[in-house]
Amino acid sequence: MPISGLVVTFQSSVAEHADSIDQIADLPEVEVGESAGSKLAIVVDSATKRRDQEIWNAVYQLPGVIDLAVAMVAFDEDAETKP
Amino acid sequence: MMDTKRRNFLKSAAMAAAGSMVAGNMSLPVVQADQGVSDLPDGDGLSWNKAPCRFCGTGCHVQVGVEDGRVVAIAGDKAADVNKGLLCVKGYHVGGILYGKDRLTQPLLRKDGRLTEIEWDEAIEIIAKRIFDSPETFAFYGSGQWTIPEGYAAQKFMKGGLSNNHIDPNARLCMASAVTGFLATYGVDEPAGCYQDLDECDVLILWGNNPAEMHPVLFSRVTDRRSRGETVRIIDIGTRRTRTTDAANDYLEMKPHGDVAISLGIMHLLIENDNYDKSFVEKHCNFRGDEADTPTLSGEPISEDEFRKRIAKYTPERVEELSGVPADEIRMLADLFADRDIRITSLWCMGMNQHTMGTAINSLVHGVHLLSGHFGRPGDAPTSLTGQPSACGTVREVGTLSHALPGGRVIANPEHREQCEGFWNVRDGSINEVPGYHTVEMFERFTKPTAEGGDITTMLVQVTNPGQTLPNLNALFNDKKGLEDKFLIVSDVYPTATTALADLILPAAMWVEKNGMFGNSERRTQQWFKMVDPPGEARDDCWMTIAIARKLFEMGHEGMKDKDGDFIFAVKDDDGQEIPIWEFDRYYDTNVDKHLFEEYRLFTRMKHKNLAPYEEYVKARGLRWPVVEQEDGSWRETRFRFSGFDDPFVEEGQEFDFYHSTSNDGRAQIWFHEYQPPPEVPDDEYPMWLCTGRVLEHWHTGTMTRRLAPLNRAMPTAYVEMHLEDAKAANIRQGEVVTIESRRGVCDLPVWIDGRGRPPRGTVFVPFFDESKLINNVTLEAYDPFSKQPDYKKCAVRVVKKSAAKVSS
Chain A
267 MPISGLVVTF
277 QSSVAEHADS
287 IDQIADLPEV
297 EVGESAGSKL
307 AIVVDSATKR
317 RDQEIWNAVY
327 QLPGVIDLAV
337 AMVAFDEDAE
347 TKP
Chain B
78 MMDTKRRNFL
88 KSAAMAAAGS
98 MVAGNMSLPV
108 VQADQGVSDL
118 PDGDGLSWNK
128 APCRFCGTGC
138 HVQVGVEDGR
148 VVAIAGDKAA
158 DVNKGLLCVK
168 GYHVGGILYG
178 KDRLTQPLLR
188 KDGRLTEIEW
198 DEAIEIIAKR
208 IFDSPETFAF
218 YGSGQWTIPE
228 GYAAQKFMKG
238 GLSNNHIDPN
248 ARLCMASAVT
258 GFLATYGVDE
268 PAGCYQDLDE
278 CDVLILWGNN
288 PAEMHPVLFS
298 RVTDRRSRGE
308 TVRIIDIGTR
318 RTRTTDAAND
328 YLEMKPHGDV
338 AISLGIMHLL
348 IENDNYDKSF
358 VEKHCNFRGD
368 EADTPTLSGE
378 PISEDEFRKR
388 IAKYTPERVE
398 ELSGVPADEI
408 RMLADLFADR
418 DIRITSLWCM
428 GMNQHTMGTA
438 INSLVHGVHL
448 LSGHFGRPGD
458 APTSLTGQPS
468 ACGTVREVGT
478 LSHALPGGRV
488 IANPEHREQC
498 EGFWNVRDGS
508 INEVPGYHTV
518 EMFERFTKPT
528 AEGGDITTML
538 VQVTNPGQTL
548 PNLNALFNDK
558 KGLEDKFLIV
568 SDVYPTATTA
578 LADLILPAAM
588 WVEKNGMFGN
598 SERRTQQWFK
608 MVDPPGEARD
618 DCWMTIAIAR
628 KLFEMGHEGM
638 KDKDGDFIFA
648 VKDDDGQEIP
658 IWEFDRYYDT
668 NVDKHLFEEY
678 RLFTRMKHKN
688 LAPYEEYVKA
698 RGLRWPVVEQ
708 EDGSWRETRF
718 RFSGFDDPFV
728 EEGQEFDFYH
738 STSNDGRAQI
748 WFHEYQPPPE
758 VPDDEYPMWL
768 CTGRVLEHWH
778 TGTMTRRLAP
788 LNRAMPTAYV
798 EMHLEDAKAA
808 NIRQGEVVTI
818 ESRRGVCDLP
828 VWIDGRGRPP
838 RGTVFVPFFD
848 ESKLINNVTL
858 EAYDPFSKQP
868 DYKKCAVRVV
878 KKSAAKVSS
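Taken in sequence, the protein lines are chains A and B.
Letter by letter, the first sequence follows residues 267 to 349 in the working numbering.
Letter by letter, the second sequence follows residues 78 to 886 in the working numbering.
Some hints here could point you the wrong way.
Said to hold, decoys possible - Stretches of chain B that chain A covers, calculated by requiring three or more beta carbons in the stretch to come under 8 Å of a beta carbon on chain A:
#1 165 to 174
#2 459 to 472
Stated by the list, open to error - What follows is a list of derived Cβ distance ranges for each label pair:
#3 417(B) with 314(A): 50 to 60 Å
#4 281(A) with 827(B): 18 to 28 Å
#5 790(B) with 281(A): 30 to 40 Å
#6 654(B) with 302(A): 53 to 63 Å
#7 329(A) with 85(B): 27 to 37 Å
#8 313(A) with 412(B): 50 to 60 Å
#9 310(B) with 323(A): 27 to 37 Å
#10 294(A) with 812(B): 27 to 37 Å
#11 316(A) with 706(B): 47 to 57 Å
#12 316(A) with 206(B): 47 to 57 Å
Think of the hints as simulated: they come from the structure by calculation, not from any bench.
Note that the coordinates shown come from a computational prediction; the quantities given were computed from them, not determined experimentally.
Note that CB positions come from ideal geometry on N, CA and C, so glycine has one too.
All chains, please: the whole structure from these sequences, using the hints.
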């Protein structure tokens, strides 16, 4: 059940990527925070690590997103054993 | 499961951390440890403390959230100058690596083929007895994942205590050629510049380097500049397209070993066009070339005219033939270097180091920067990166290589040995004058029957996984007959390809389960404290070394006593009483790291790699050496070595001073090396090039990251990247499992056509993270003659459809 604070970097000013930000905001597990320049803060609170990864991938692939960095992550599940 | 209150608390902390990175000043100085965490609220038993990330050599700092003796949260550390609060996908998961369900928690001894749990006392006794009975046939193999105190203890134990130089790290496999390149050029190891060069360069040239995946936080410093409207031209010189290529302005696809020709071609044009930096060269450089008979790392001086004569044949057209890069692109590179109004940084890592001309290509790229004067100003730098968190700190600075001593001293120099014996207070002549076996030779000796000259019989491996990383594993590691008298001891945190063949397995503590110090790629020394207990009976690697040494001391081994008869690792309390740190329940009665570090620090002044007292590192997010005390008692780090505006060891008024010059005149060496072809090239039988490497999601052999579900799901298996036309020609489909065969072995892998990396026709690429698909059964153990570093980036293979394969792995 990870909670993560992420920083989304767009290729230009956040204001020019309203459609992508709307898509991020539509994700029920995501809370959109403040923005400045080309960066946007979001928090992801997902039920499983798999869902967390899906959201990560979905955000990364949105138009205009050039980087997705982690500011903080909290977790309470064990890591898995060797796959 | 977290309760709602705690969940909301952590969400607010996560938003605070992300929001502050968006809104905050991204250029932060080194600050006190208690700053930068103020916006990560403590509460509900959660506390935060700093640590460097456990993975690559970038040296990002994280804040580690601990609750009830368990790591529960990781945040990027805003106060850290390296990463300014950012983390990559691996750093994001670094806390989870402690909690794989198959952690090793008890020593295991192989009896009649089966692993049996034993107690630590028995394990230490077994090891000590084998060493006592035959100290000269013992070898210690570590890595750049050793902390600085761990590596220093291992070094002292072997070279000072056992008079045995058979200690080497796996860093031999990843950056030894960078070391010899720096030594040959400047007379002293490690980059002169720092990460600030990435913030200030106009042109970034990547020589066989893929930082977008391997050092993503560093690469983001450059792409962030672009997003702020700055212009940075990125030139990717590589043998395959990668994620880095996607961000590059120019992609120059070269043949394997093409980098040597390209660097020679740039220097040729600078000379030919008479637009090299004459003033810089005249004041600060000499020319050097290989001796005619037996080349050495020292080479011999040559005149500028001789240099011109030798390099004349490397015309753009000739370089195009050798490298595959069009002559006009060589001219473009030379024109950039001829422009003194721009700043150029070169970055490299494994591509130039895992190379049978590794020392040569490192020296040549330094030479391009020196000849053009693109050196020593912020943004003008030739800089190598490292893959392990303390390859610089523990291997290069502590000197845990078979030929080295701490602080840039070497075994071969009697004066250095004498100094070292003095610092250690061990008897005169304790340090053996013959360098030990380097990695490939060490494993050749260990895996050869004793009767046939295999004179290493007992090996202790800590913090690394040679059973997966050595080249040509069938020759150097895999199970063989006639080795019944050999004994392999492996300390690790999880079962690995190496523990699979171990006779004795030692469960190790990792990362914040112990105190530690690392040294990153920009000469930054970092410190952290133990935050949680290791599981079961897992213990610190440093403690293991000291406990073995103590057992030998008790058995009467003379080398474990100093000149005064005291134990060589003796630590005394304020009353002069010895603290029994060899007993694990007393190990943390004192800070052993601090004692070892303060002893090691004495060495660092010998070659201007000065370190500050331990407590200064407790306060900082790392300090870049040389760190020198100021008149007011503060300690100042150095960003740009050899440059008069920043380096405290450059004489007042001097613009540059290469004060460890091998020619003893304050000058750096511009080398000439002839191009040589790779040791194995494709032919009719094995018609394709194989290149191996890493992926974003997994760190090296994947022993930690493959235990993290999100990372493992994102990249669950190794694969072979293949060009569409090559696949079509062989009637191979996407996802089909094929056999990669070389003269040395085979490996079965699924095919990924036009995947993340895109090799050109005639080349395949395979990552090495997957222990179920050991590509190092296929690779070549040929190595650079000076650095002894193997070349994992090029050998000849064929790709065979499974139905047609002669041998199945």
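For each hint, the structure was consulted:
1. 165 to 174: holds (count 8)
2. 459 to 472: Violated, because only 0 residues of the stretch 459 to 472 of chain B bring their Cβ atoms closer than 8 Å to Cβ atoms of chain A.
3. 417(B) with 314(A): 50 to 60 Å: 56 Å, holds
4. 281(A) with 827(B): 18 to 28 Å: The hinted range 18 to 28 Å is violated for residue 281(A) and residue 827(B), with Cβ atoms some 43 Å apart.
5. 790(B) with 281(A): 30 to 40 Å: 34 Å, holds
6. 654(B) with 302(A): 53 to 63 Å: Holds - the Cβ-Cβ distance for residue 654(B) and residue 302(A), about 58 Å, lies within 53 to 63 Å.
7. 329(A) with 85(B): 27 to 37 Å: 32 Å, holds
8. 313(A) with 412(B): 50 to 60 Å: Given a distance of about 56 Å, which is inside 50 to 60 Å, the answer is holds.
9. 310(B) with 323(A): 27 to 37 Å: 30 Å, holds
10. 294(A) with 812(B): 27 to 37 Å: 33 Å, holds
11. 316(A) with 706(B): 47 to 57 Å: Given about 52 Å between the Cβ atoms, the range holds.
12. 316(A) with 206(B): 47 to 57 Å: 49 Å, holds
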